[in-house]
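Undergrad: Chains as they are written, first to last, in the working numbering: chain A, 1 to 113; chain B, 1 to 114.
Treat the hints loosely; a few may be bogus.
Stated by the list, open to error - Going by beta-carbon spacing under 7 Å, a handful of chain B positions derived as facing chain A:
(1) 50
(2) 52
(3) 54
Unchecked claim - Pairs of lysine-lysine residues, derived as DSBU-like cross-links and limited to a Cα-Cα distance of at most 30 Å, are as follows:
(4) B/14 to A/61
(5) B/9 to A/49
(6) A/49 to A/71
(7) B/57 to B/14
(8) A/58 to A/71
(9) B/9 to A/61
(10) B/70 to B/57
(11) B/57 to A/49
(12) B/14 to A/105
(13) A/71 to B/83
(14) A/49 to B/71
(15) B/9 to A/105
(16) A/61 to A/105
(17) B/70 to B/83
What the hints contain is simulated information worked out from the structure, not anything from laboratory work. Quick reminder that beta carbons are idealized off the backbone N, C-alpha and C, glycines included.
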Amino acid sequence: AQSVSQHNHHVILSEAASLELGCNYSYGGTVNLFWYVQYPGQHLQLLLKYFSGDPLVKGIKGFEAEFIKSKFSFNLRKPSVQWSDTAEYFCAASFWGYSTLTFGKGTMLLVSP
Amino acid sequence: DGGITQSPKYLFRKEGQNVTLSCEQNLNHDAMYWYRQDPGQGLRLIYYSQIVNDFQKGDIAEGYSVSREKKESFPLTVTSAQKNPTAFYLCASSIPTGRDTEAFFGQGTRLTVV
Chain A
1 AQSVSQHNHH VILSEAASLE LGCNYSYGGT VNLFWYVQYP GQHLQLLLKY FSGDPLVKGI
61 KGFEAEFIKS KFSFNLRKPS VQWSDTAEYF CAASFWGYST LTFGKGTMLL VSP
Chain B
1 DGGITQSPKY LFRKEGQNVT LSCEQNLNHD AMYWYRQDPG QGLRLIYYSQ IVNDFQKGDI
61 AEGYSVSREK KESFPLTVTS AQKNPTAFYL CASSIPTGRD TEAFFGQGTR LTVV
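Turn these sequences into a full structure, and let the hints steer you where they fit.
TA: In structure tokens:
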């Protein structure tokens with residue numbers, strides 16, 4: 001079955017550290033890929049998305065993600081995190097031929113000042 | 001403004017009672033979804049609907065029911081058969097997946113059953 005997996009459930013970083021959150025999916029066909037963020041007490045927001053074209057995707061707030069088809073991966077990166085990046089991050093995929101969006105279990109990021 | 005409205009934001013119910021969560025969208029999207037969010041579980045799909053008067057079970061449909069009588073509305077009923085109903089419920093909509101599209105989410109309803 002199609003699935004999305006996130007490597008880390010909890011990540012703790014100091015401000016200015018670099019961030020990379022892993023995401024892999026299992027599906028042999030075409031996929032659309034997404035990263036969502038949920039700040040404490042707030043609703044889910046789209047950070048960035050990949051549909052086709054340049055595999056390096058830039059999103060809001062300095063985030064970027066790279067789609068590596070051969071590795072079935074879509075890792076999220078940020079060169080220097082801030083305290084305000086403390087949130088839960090969800091990787092998601094929609095698999096062509098299937099009607100729904102599948103989420104990973106999320107990664108809780110805590111950035112200490 | 002276009003968007004998805006979920007109401008209420010917080011809901012408390014006694015065990016054994018059915019409760020209905022509202023979801024309305026004015027984005028003219030054909031597809032609508034209900035997800036349940038639990039700590040450490042991510043978002044799990046309960047039900048989805050690709051078109052009016054049609055809906056499909058998701059991964060965790062047991063104990064839930066839905067209707068889709070209008071394009072704008074996709075209410076979710078949490079029945080007494082749902083063994084662990086306390087959770088955060090998210091509604092979303094999109095033009096149907098399979099094309100380059102994204103889902104838009106409401107602000108969620110936090111249901112607490114006591």
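Undergrad: All hints are to be evaluated individually against the structure, with a verdict given for each.
TA: Going down the list of hints, with the structure as the test:
no.	hint	verdict
1	50	6 Å, holds
2	52	15 Å, violated
3	54	11 Å, violated
4	B/14 to A/61	42 Å, violated
5	B/9 to A/49	27 Å, holds
6	A/49 to A/71	18 Å, holds
7	B/57 to B/14	25 Å, holds
8	A/58 to A/71	20 Å, holds
9	B/9 to A/61	27 Å, holds
10	B/70 to B/57	18 Å, holds
11	B/57 to A/49	26 Å, holds
12	B/14 to A/105	29 Å, holds
13	A/71 to B/83	39 Å, violated
14	A/49 to B/71	26 Å, holds
15	B/9 to A/105	23 Å, holds
16	A/61 to A/105	22 Å, holds
17	B/70 to B/83	29 Å, holds
This entry does not satisfy hints 2, 3, 4 and 13, going by the numbered hints stated previously.
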